[in-house]
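Engineer: Chains as they are written, first to last, in the working numbering: chain G, 1 to 165; chain B, 1 to 659; chain E, 1 to 119.
Note that these hints are calculated values from the structure, not bench results. Please note: incorrect hints may appear among the correct ones.
[Stated by the list, open to error] Capping the alpha-carbon separation at 35 Å, the derived lysine-lysine pairs in DSBU-like fashion look like this:
| # | chain 1 | residue 1 | chain 2 | residue 2 |
| --- | --- | --- | --- | --- |
| 1 | G | K99 | B | K456 |
| 2 | G | K52 | B | K562 |
| 3 | B | K191 | G | K37 |
| 4 | B | K636 | G | K92 |
| 5 | E | K2 | B | K201 |
| 6 | B | K604 | B | K456 |
| 7 | E | K18 | B | K191 |
| 8 | G | K37 | G | K92 |
| 9 | E | K66 | E | K2 |
| 10 | B | K291 | G | K34 |
| 11 | G | K92 | G | K137 |
| 12 | B | K534 | B | K442 |
| 13 | E | K2 | B | K191 |
| 14 | B | K534 | G | K91 |
| 15 | B | K595 | G | K52 |
| 16 | B | K604 | G | K91 |
| 17 | B | K291 | G | K32 |
| 18 | B | K446 | B | K288 |
| 19 | G | K41 | B | K446 |
| 20 | E | K27 | E | K103 |
| 21 | E | K69 | E | K103 |
| 22 | B | K191 | E | K3 |
| 23 | E | K103 | B | K174 |
| 24 | G | K52 | B | K201 |
| 25 | G | K23 | B | K636 |
| 26 | B | K559 | B | K465 |
| 27 | E | K76 | E | K27 |
| 28 | E | K27 | B | K191 |
| 29 | E | K103 | B | K201 |
| 30 | G | K41 | B | K595 |
| 31 | B | K28 | B | K401 |
[Said to hold, decoys possible] For each label pair, taking beta carbons as the anchor points, the in silico distance ranges come out as:
| # | chain 1 | residue 1 | chain 2 | residue 2 | range |
| --- | --- | --- | --- | --- | --- |
| 32 | B | E556 | G | N50 | 50 to 56 Å |
| 33 | B | L299 | G | I98 | 27 to 33 Å |
| 34 | G | T141 | B | L323 | 39 to 45 Å |
| 35 | G | T141 | B | K102 | 56 to 62 Å |
Note that CB positions come from ideal geometry on N, CA and C, so glycine has one too.
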Amino acid sequence: MANIQKEAKNEKVAEKEQYLTFKVGNEIYGLKLKQAKEIIKPPKVTNVPNTKEYILGVINLRGQVIPVINLKNKLGLKEDDIKDTSKAQNKKIVVINIKDMLIGLYVDGVNEVMNLAVENIEGVADNKTGIRDEYIKGVSTFSDSLIIVLDINNLLFDQKEEKGA
Amino acid sequence: MSDNNEYLEMFFAESEEYIMVLNDNILKLENEPNNMDVVNSMFRAAHSLKGMAATMRFNNLAELTHKMENMMDQIRNKKMQVNTEIIDLLFAGIDYVEEIVKQIKENGNDELDLDDYLAELEAKINEEPNLDDIEEVQEEELEDSNFLALTDDDIRTVNDNKKELDTVFAVNVKLNAETQFKQVRASMIFKSAAELGYIFKSIPETENVEDADLDNNLVQLILISNQSRENINEEFSSITDVEEVEMNKISLKVEDKDKKDKKEKTNKSKSVSSKFEVSSSVRVDIGKLDKLMNMIGELLINKTRLEALNIDSEGFKDVLPQLDRVTMELHHTVMQIRMEPIGVMFNRFPRMIRDLSKSSEKEIDFVMDGKQTELDRSIIDELGDPLTHLLRNAVDHGIEKPEVRRQNGKDETGTVNLKAYQKGSEIMIEVEDDGGGINVDKVVQKALDKNVVTEKEIEEMDRDKKLQLIFEPGLSTNEEVSSVSGRGVGMDVVKQTIESLDGDIYIRSEENKGTKFVISLPLTLAIQDALMVKINGEIFAIPLSAISETLMIESEEIKQVKGYDVIVLREKTIPLVDSRESLNIEIEDDSYKEKDEMPVVIVKSGGKEVGLIVGELLYQQEIVIKSLSDYLDNVKNISGATIIGDGEVALILDVRDIA
Amino acid sequence: MKKILVVDDAAFMRLNLKNIIEDMGFKIVAEAENGKEGVEKYKEHQPDLVTMDITMPEMDGISATKEIKNFDDNAKVLVCSAMGQQSLVIEAIEAGAKDFIVKPFERTRIREAMDKILN
């Protein structure tokens with residue numbers, strides 16, 4: 001009995017969670033706010049040769065060298081498909097903390113922090129985004145706009161791709 | 001409970017030290033069964049272990065070390081003759097100690113069934129009770145005359161502390177029964193004594209004099225002093241309430257009575273050197289040192305940035321060199337703190353080789369050189385496994401059985417040599433055996449079978465290059481996997497470990513003559529001198545340790561050998577590599593050959609030299625090596641990153657695979 | 001004639017000491033009521049011996065002994081202690097005092113101590 005009650009309670013707590021939303025290309029994406037560590041203005045990125053194409057390079061984050069991922073490339077969005085409307089000064093690096101590593105995600109702009117209800121994040125039965133299913137946790141709508149919630153873990157530690165490479 | 005944890009940490013660290021000392025000394029004892037220095041330092045280690053174990057309430061361990069100590073005592077008192085059986089018994093004991101310590105680490109308890117072993121030990125101890133009466137009597141006498149029980153350990157310490165002109169006195173200072181504040185008088189006596197010389201031991205103890213019970217009106221001390229008996233007597237007598245001063249000169253001999261003074265002298269110097277191996281020190285958590293090192297790194301980076309500001313001010317220009325000097329000294333000092341003699345790790349090997357050679361029925365002379373060579377602590381920690389593997393290989397695959405050696409006209413006893421030395425800013429470690437050597441053809445065949453190389457690639461390889469194939473995954477020349485070496489660790493793992501330390505390894509081998517592995521390691525990991533170069537507009541750092549020289553070449557100097565570009569430098573042919581190629585940077589039309597002149601950095605690795613053509617030679621700088629994020633592991637030709645003056649990241653070129 | 005400085009906050013004790021010391025044939029060159037004054041008087045008179053009380057206002061006898069020893073390494077300080085001040089006396093000895101006497105004073109002990117120090 002006690003267990004069941006507890007579970008029910010947990011569900012209620014988990015109902016809403018905060019998401020950081022950001023723009024890549026024409027779409028708005030989201031990731032759990034607690035995964036994000038900070039948002040910085042892009043400093044000079046040093047290109048690292050002999051790495052995958054989506055690795056934009058490395059930056060100096062207060063003395064620590066951290067890699068920066070080109071999300072547009074990683075998500076498989078082709079540059080020419082997108083009319084880059086975002087201004088250069090909007091571009092940001094979202095630094096996330098995952099598996100004890102700091103990794104920067106290069107995005108076209110950071111929107112706001114939104115409270116998204118879990119039930120609103122639906123599975124993507126009909127994925128028309130062109131992004132691989134496993135990179136997407138779900139899709140949510142918030143005041144008319146569509147937000148693609150990313151599965152950062154799958155996105156960054158892509159088993160399939162590593163094997164293939 | 002954090003207090004207890006702290007004790008435990010210390011307990012582990014010290015146990016390891018003592019286990020090492022014991023292993024080392026038992027091994028020595030086997031070769032020099034009559035060397036009492038060895039027995040004594042063994043005894044001391046066992047004794048200390050026992051003390052620690054008892055304090056920590058590890059009773060099982062205390063019991064074990066107590067019994068071992070008893071046995072050593074018997075050896076020391078010549079009641080037991082050292083032979084292989086005894087040595088094996090002692091070694092077995094150390095193994096138990098090690099196992100118990102390991103168990104304490106893992107489960108926190110010291111339970112281990114030792115009954116059989118302890119019984120065996122006990123039986124041995126009780127065997128042949130060949131008492132040496134004379135010695136017994138003398139021992140008693142010594143204790144009598146000294147009133148303070150002095151252990152052999154004490155005597156040794158006294159002898160160590162005593163200078164040439166010093167005399168050791170046992171002093172009884174008797175106070176007037178009416179004395180007021182006896183404790184104060186005692187402290188005055190100690191004060192005088194400390195002015196006269198060195199108080200080795202005293203009753204009451206100097207530290208507890210305030211609470212001492214002086215009902216017997218007696219202060220007793222052992223004083224080491226260069227003053228005359230008369231002077232000392234006078235000094236003590238002048239203290240108020242001192243009624244009587246009684247002094248006895250004592251001569252302390254650690255050695256058995258039958259040994260001459262001369263012998264004592266040589267033994268003394270030996271004990272000093274063996275002491276050095278367990279150097280007394282303050283224990284510092286390596287994590288704290290790492291943090292300190294990181295902070296110095298930050299300081300260095302900021303200093304570099306400050307320099308780059310190029311402020312036009314007299315004061316600024318004055319203070320900058322000062323800052324530079326302090327930073328360098330700080331860096332140097334921390335580096336020194338992190339350094340440890342490699343011997344602390346080497347010490348485990350003699351025992352291992354002994355066991356290995358015994359079980360494989362080979363006769364092996366194991367020689368170690370350069371134990372005092374110092375290396376960054378974190379590197380030493382990582383080296384244990386690869387060296388173990390190389391030494392095991394040397395015994396297992398290298399050295400032949402005695403009969404085979406005889407047939408091949410070699411000495412039946414093989415030699416395995418482990419050597420460390422410093423060469424410039426690098427530490428070299430060599431593992432060499434005079435065994436059967438490596439059959440290159442077999443290595444090549446295996447490499448072909450495993451598709452590590454193609455026939456075509458083999459054709460272009462010289463013998464030396466072919467030998468290095470042994471470091472490729474899945475290659476092992478010996479078909480049978482022996483119980484000793486065949487533990488699933490290959491040479492590839494050894495190479496990987498060494499490379500992860502920013503080091504390099506290569507092999508030289510000649511059939512029937514032997515094999516030699518040469519490992520080179522940076523002195524320290526964190527900070528290095530580097531040459532900064534520009535390649536395709538980006539700044540890169542090349543560690544100076546990897547550079548033999550830089551030069552400008554003209555395009556007509558480039559020659560062709562087998563379709564490759566080379567230059568000839570002082571009659572040596574050196575292959576040329578375009579750095580942009582190594583870095584997979586698209587080479588635009590202006591291939592270097594179209595330029596009149598180009599800068600070349602001659603880089604060296606594993607005894608090879610390659611001329612690396614770069615865009616521009618910039619300047620030399622001390623760089624703080626940063627990891628290139630775990631997310632980007634093993635980037636080809638890049639070993640790390642550093643932060644340069646303007647706060648940007650510059651990558652560090654890894655020349656090992658280029659050269 | 002040997003010159004003595006008496007440092008004690010209690011006038012009674014100073015008087016007591018003065019009587020005993022003058023009986024011994026020494027000269028009291030100055031008296032001080034606390035450690036601070038004691039140090040000043042020492043510098044002024046540079047006596048052959050100082051009797052030093054331990055517990056005093058302003059500056060205690062241990063600190064005063066230290067300062068005096070700092071000023072003159074050869075200074076001879078005799079600590080005057082009350083019963084039960086053993087650990088303080090040890091401190092004073094550490095600070096450089098030559099010897100001590102315990103209150104209530106016994107003439108013979110004072111004489112013995114002074115003789116020892118002054119010879």
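Engineer: Each hint needs a verdict: does it hold in this structure or not?
Structural biologist: Each hint tested on the structure:
no.: 1; hint: G:K99 <-> B:K456; result: violated, 43 Å
no.: 2; hint: G:K52 <-> B:K562; result: holds, 33 Å
no.: 3; hint: B:K191 <-> G:K37; result: violated, 62 Å
no.: 4; hint: B:K636 <-> G:K92; result: holds, 28 Å
no.: 5; hint: E:K2 <-> B:K201; result: violated, 40 Å
no.: 6; hint: B:K604 <-> B:K456; result: holds, 25 Å
no.: 7; hint: E:K18 <-> B:K191; result: holds, 30 Å
no.: 8; hint: G:K37 <-> G:K92; result: holds, 13 Å
no.: 9; hint: E:K66 <-> E:K2; result: holds, 22 Å
no.: 10; hint: B:K291 <-> G:K34; result: holds, 27 Å
no.: 11; hint: G:K92 <-> G:K137; result: holds, 23 Å
no.: 12; hint: B:K534 <-> B:K442; result: violated, 43 Å
no.: 13; hint: E:K2 <-> B:K191; result: holds, 27 Å
no.: 14; hint: B:K534 <-> G:K91; result: holds, 28 Å
no.: 15; hint: B:K595 <-> G:K52; result: holds, 31 Å
no.: 16; hint: B:K604 <-> G:K91; result: violated, 43 Å
no.: 17; hint: B:K291 <-> G:K32; result: holds, 32 Å
no.: 18; hint: B:K446 <-> B:K288; result: violated, 46 Å
no.: 19; hint: G:K41 <-> B:K446; result: violated, 54 Å
no.: 20; hint: E:K27 <-> E:K103; result: holds, 21 Å
no.: 21; hint: E:K69 <-> E:K103; result: holds, 24 Å
no.: 22; hint: B:K191 <-> E:K3; result: holds, 27 Å
no.: 23; hint: E:K103 <-> B:K174; result: holds, 24 Å
no.: 24; hint: G:K52 <-> B:K201; result: violated, 70 Å
no.: 25; hint: G:K23 <-> B:K636; result: holds, 33 Å
no.: 26; hint: B:K559 <-> B:K465; result: holds, 22 Å
no.: 27; hint: E:K76 <-> E:K27; result: holds, 15 Å
no.: 28; hint: E:K27 <-> B:K191; result: holds, 30 Å
no.: 29; hint: E:K103 <-> B:K201; result: holds, 33 Å
no.: 30; hint: G:K41 <-> B:K595; result: violated, 39 Å
no.: 31; hint: B:K28 <-> B:K401; result: holds, 24 Å
no.: 32; hint: B:E556 <-> G:N50: 50 to 56 Å; result: violated, 32 Å
no.: 33; hint: B:L299 <-> G:I98: 27 to 33 Å; result: holds, 30 Å
no.: 34; hint: G:T141 <-> B:L323: 39 to 45 Å; result: violated, 58 Å
no.: 35; hint: G:T141 <-> B:K102: 56 to 62 Å; result: holds, 58 Å
Of the hints listed earlier, those the structure fails to meet are numbers 1, 3, 5, 12, 16, 18, 19, 24, 30, 32 and 34, in rising order.
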